[in-house]
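Undergrad: Chains as they are written, first to last, in my numbering: chain A, 696 to 987; chain B, 136 to 297; chain C, 25 to 805.
Hint data in this document are derived by calculation from the structure and do not stem from the laboratory. Built from N, CA and C at the ideal position, the CB exists for glycine as well. Hints may be right or wrong, so weigh each one.
[As the list claims (entries may be wrong)] What the simulated footprint calls covered on chain A by chain C, stretch by stretch (three residues with Cβ under 8 angstroms from a Cβ of chain C suffice, anywhere in the stretch; the number is not a length):
1. 877-885
2. 951-959
[Claimed, not checked] Take a look, some chain C residues computed to stay more than 12 angstroms from chain B by CB distance:
3. Ser79
4. Leu106
5. Glu169
6. Val187
7. Glu332
8. Ala409
9. His411
10. Glu446
11. Asp457
12. Asp466
13. Lys586
14. Ala625
15. Gly635
16. Pro666
17. Glu670
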Amino acid sequence: MKPAPFRYIAASSLDHALSLKAEHGDDARFLAGGQSLIPAMNFRLARPAVLIDINSLTEIAGVTGSPGSEIRIGAVTRYRALEREDDFLKGCPLFADALPHIAHPAIRNRGTIGGNLSHADPASELPAVALAMQARLRVRSVRGERALTASEFFVGLLTTAVETDEMLTEIILPPPQPRSGSCFMEIARRRGDFALAGVAAVITLDQERRCAAVRLALCGVGDTPVDASAAAACLLGQPCNDQTIAEVAAAVRETVTPSGSVHASAAYQRHIAGVLVGRALKTAHERIGHAA
Amino acid sequence: MPPDHHEISVTVNGTAYRGRVEARMLLSDFLRHDLRLAGTHVGCEHGVCGACTVLLDGVPVRSCLMLAVQADGHEFMTIEGLAPDAERLHPVQQAMHNHHGLQCGYCTPGILMTMTAFLKENPSPSEDEVREALSGNLCRCTGYQNIVGAVLDAALTMRTSS
Amino acid sequence: MTTRYFGAPVRRNEDKRLLTGQALFIDDIELPGMLYAAFLRSQVAHARIRHIDVSRALQREGVVAVYTAADLGAYWQAGPLLVPAPPIPGLVFNARTQVPLAKDKVRHAGEPLAVVIAESRYIAEDALEDILVELEALSVIVDLEAALKTAAAPVHDDLGSNVASHARQIKGDYRSAVAKAALVLKRRFHYEHGISSPIETRGVVAQWDARGRQMTIWDTTQAPVFVRNGLAAILGLGERQVRVIAPFVGGGFGPKIMMFYPEEVTLPWIAMRLNRPIKWIEDRFEHFFATTHERGQIHDAEIALDDEGRILGVKDVFLHDTGAYNPYGLTVPLNSQCTLLGPYVIPAYDSTFTAVFTNLPIVTPYRGAGRQHGVFVIERLLDLAAHELKIDPIEIRRRNLIPPDAFPYKNEIIYQDFQPLEYDSGNYAPVLDKALAAIGYDAFVGHEQPRLRAEGRCVGIGVACYVEGTGIGPYEGAKVQVQTNGKVSVATGVGTQGQGHFTSFAQIVADELGVDVRDIDIVTGDTDQFYWGAGTFASRGAVVAGNAVSAASQAVRRKALKLAAEAFECSEADLVVADGKVSITGIPEKFIRLGELAQRANPMRGAVIPGTEPGLESTQYFGPAKGATANGVHAAIIEVDPETFELKILKYVVVHDCGTVINPLILEGQIHGGVAQGIGNAFFEKLTFDEQGQLQNASLADYLLPTALDVPRMELDHTVTPSPLNPLGTKGAGEAGAIPVGAVFAEAIEDALGLKDKKIELNEIPLSPSRLFELIGGGRT
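Based on the provided sequences and hints, a complete structural model is requested.
TA: The structure is reproduced here in structure tokens:
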């Protein structure tokens, strides 16, 4: 299938890209890695009149931040680059877990984190990771800049709070807390497929090794990534063991409302969401170790 | 709207080309029909089957998910550039022949480009790692077994000869 | 024939071209002035066509022409019935074949309504959106049982119902079998096969030379000769005015032998009208609608056994989805009906099927061609019966295997080649024994499984036996010719889609003529190179064409010996053929090269003995009296996660008997590929249609082909029970890997999860983790 006609403009700078988007509005789309946009265009499901290529905008590519500080990722950073930043992966182990699940290496060689988050596929891994890590997402336009929390960013199915003239430019991740462990897990029909359900879990312990904080976000079980941290409230102040974790899993199973698909019934998705919550929390807890 | 054309310069398999492409032309079509390098095959145009995989600046990408216009200024390797010369085959090509790793041959160029790049990054893979690296390329004929055997054998050959 | 190559794992002659990207596939063809076609396909599954307005499309820049059914005029006709009604007493058979472009009515989503010809495929696709179509939607028939209710609007108006066919075949007396039975077990089974989805889709390029009055058609067909014959007839041309070339084809698996696809019929007509070459390449999305499928059957089957588990009889009533048209006759359901009998002695059999028209794409054979469905039914019945009778599932099979002295074994009912089903040869118990040994059956059931269970792991074993009818007629031919340079050229009428014909056929010739296998050039799939043949299907290429190649090689060898004996003035018995030469035994320096003999066989001047044929060549044909029956056993050990129902295949064994083996490397590759498709069928691939006949997973992102992580390493072994039906003793092997996998999965998963004790049965394919969750009523949490 071949895409419908469009006008192609290679943006020479971020300001150039933003002024083009302000000019063309909804008729234009930003082209980053293209690994979601171009298949959609090949199917003629997406038909932008103008494509603004932002691949050369090095000003919004790359990872900065040192261990212990917040980490800033430019939106046009390719998954491939993230996979090869050892310090980044050590500092953000959820990414270390999640990145290998994203499609396949040839896709990860082009696709970008900004493209992924802006596309906002609810079955995609990184929106759930961003939500679990309480990332801040900076968007810019010719009018200025603002930062959104991850929950503010993902508003609906394939829909973000990014306005017509805005571009997601940066993802800011808070530094990890001491005595924390995290884990991302998903179930998909085949390696690299979209998740039938996925869980990003972060547990932080207090000095008595009881749970001080839990972050839990799921993908694949709603129109957006789902913040299920509230369902983990029963874990706070408790030790993390099979029983307390199972209570969280049961609570999450009650709260999520997956819609089912050709690959799985909603009941199955709900069921494995619970299974994955249990497994991810257990692994996150085990990873805390006895360091702190 | 009137078609939007762009002049591009690309290097493919060491040869410089200039072209004039419509903005929407896919890189796969540009390689196959404008440059007549038809060894890169098209299986789906949705980025799933991997048959169209080529190397962009040394790294595997799906040519059906790139626009030709985006290729401007870049270097590519396609299957036609893999063998060192007309007489010899790349070790992965030779191993595929030895192990009967191809039947209809349609997915083969994409697999060869993917696996040669993989072996550069991971010269000593386990079978599981080979299968994982191969999992983004669909083959309907071989059941993958002989491809896996070929890649492991080629890895050994390349390690011992270097 | 001193065997050097035959039976050896010779590496393939065709590989280098394929490995270096030099092989010609259909989309590689570039011709001056070529135009590109795109088809407008119905988005609705069942509707009357009120109006098609192409005027806006014609105005688009770059569009050269747009055609609908009305434009085809007298050329528009329904395609031929490829496989006529079999000679089954009492048969009901309503043939309704597909048309080049829909007229009056569309009967499935994806049926072509119009075709745009433009300067590029990009522009042609733009123009599709310019075409306005007015359709009056009709109620859609998707469900097989609902299709037969009289209230349903028929797919074909002129038929009173959606019955495409009704056939009953009987052997022995089932009722008296029931009367004697210790157990009669009855179940309903749902078996769905899927689409072939080769990595290369279909394509057609048509070029008309108006002055030479020659039509050349490149086509990804498995049957170039019949496509040539049919298109010549339709186009009003002589057969010698049409050349059909199947270039390298990126996978066939059955649907590429279906003919005549609308694109095959319309493109040549358009090429003649526009006087420019036309190319159509199916895109992947189109493939889900435009290329044929194999789909589902519903079986209500029962088995009657004595108290020792011996089968007294089987009765089966099934519905078969044939789709909107049935050009391929009853091949698929007949295969299901016949293959159900399997390698077992089944004295009484009463099998009835109704093939049903639905508003879905056409069903024609896809690797296995309906055998999967039959094998699933009988293997499940035996497994369930074993459980009820408390007999080991292997033992129950062993007790029913046809003994080796019973061949040729007559199963009486009519098979897809219209002959009474007869198994030529077989020795089934050793195949089962080898499979059990290879999978470690006793050790697994006795020690491994209990140990794993104690660890909380759910691991089970499944074993399935099957036969595969192969190598059917009508015939194939081959021309073998020694060139004056000493190399040998061979042409045959079959096509090649990866089966290694360029090598396996060369091996046969190489041994016969004492020539290096790499010096033998094989041409397949070009009707100008070889005029006659049926095609590559039904696991027959190696058997039928291989035997023709063998016969032709032997004839050439005899000619070479005769010529050499004349030259040396000696007896033919004193000569040896080896290394490209004929020499006198014991005096190697007295030799003539084969190339030299070829030259002498075609003198430029002088006289020949009357009756001499020129050249060192021969054309021979082979047509078997009936098909040869191969057989095999698959066994697998599968682990199931009791919480998520994901599975992992821990071990997979195939033991197979396809008679004499030409090239074990190529044979193994066929088995590997078949099993991979079987795994896809069993656990990954499901065509999901909604009630409106819309396919909800029409992309490779959602129609799940197994990857290298989903297909395990397989262990293969084989036995050799030659076929008495052909001189080489071969049987076919192309489909064997795909046939019993569904049954193996069902049995292994049931065993892994201990389902029989929970009175839960897996009587459907495909399965999936989600489906298992549903059937089991929840999983461990």
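Undergrad: Please confirm whether Asp466(C) is truly not at the interface, meaning its C-beta sits more than 12 angstroms away from all C-beta atoms of chain B.
TA: holds (26 angstroms)
Undergrad: Verify this label for me: Ala625(C) is non-interface relative to chain B, using a Cβ-Cβ cutoff of 12 angstroms.
TA: holds (35 angstroms)
Undergrad: At 12 angstroms, judged by beta carbons, does Ala409(C) keep clear of chain B as stated?
TA: holds (32 angstroms)
Undergrad: Could you let me know if the closest chain B CB is still more than 12 angstroms away from the CB of Pro666(C)?
TA: Per Cβ check, Pro666(C) is outside 12 angstroms of chain B; nearest 23 angstroms; holds.
Undergrad: For Gly635(C), is the shortest beta carbon distance to chain B beyond 12 angstroms?
TA: holds (44 angstroms)
Undergrad: Taking the closest pair, is the beta carbon of Glu670(C) still more than 12 angstroms from chain B?
TA: holds (15 angstroms)
Undergrad: Per the stated criterion, does the least C-beta distance between Glu169(C) and chain B lie above 12 angstroms, as a non-interface residue requires?
TA: holds (32 angstroms)
Undergrad: Report holds if the minimum CB distance from Asp457(C) to chain B is greater than 12 angstroms, and violated otherwise.
TA: With a cut-off of 12 angstroms, Asp457(C) remains clear of chain B, as the shortest Cβ separation is near 24 angstroms.
Undergrad: For Lys586(C), is the shortest CB-to-CB distance to chain B above 12 angstroms, so the non-interface label stands?
TA: holds (38 angstroms)
Undergrad: Just want to verify: His411(C) was marked as not at the interface with chain B; is every Cβ pair farther apart than 12 angstroms?
TA: holds (31 angstroms)
Undergrad: Quick one: work out the minimum CB distance from Glu332(C) to chain B and report holds if it exceeds 12 angstroms, violated otherwise.
TA: holds (38 angstroms)
Undergrad: With a C-beta cutoff of 8 angstroms, work out whether three or more residues of the stretch 951-959 of chain A approach chain C closely enough for the coverage to hold.
TA: Per the Cβ count (3), the hint holds.
Of the numbered hints listed earlier, not one is contradicted by the structure.
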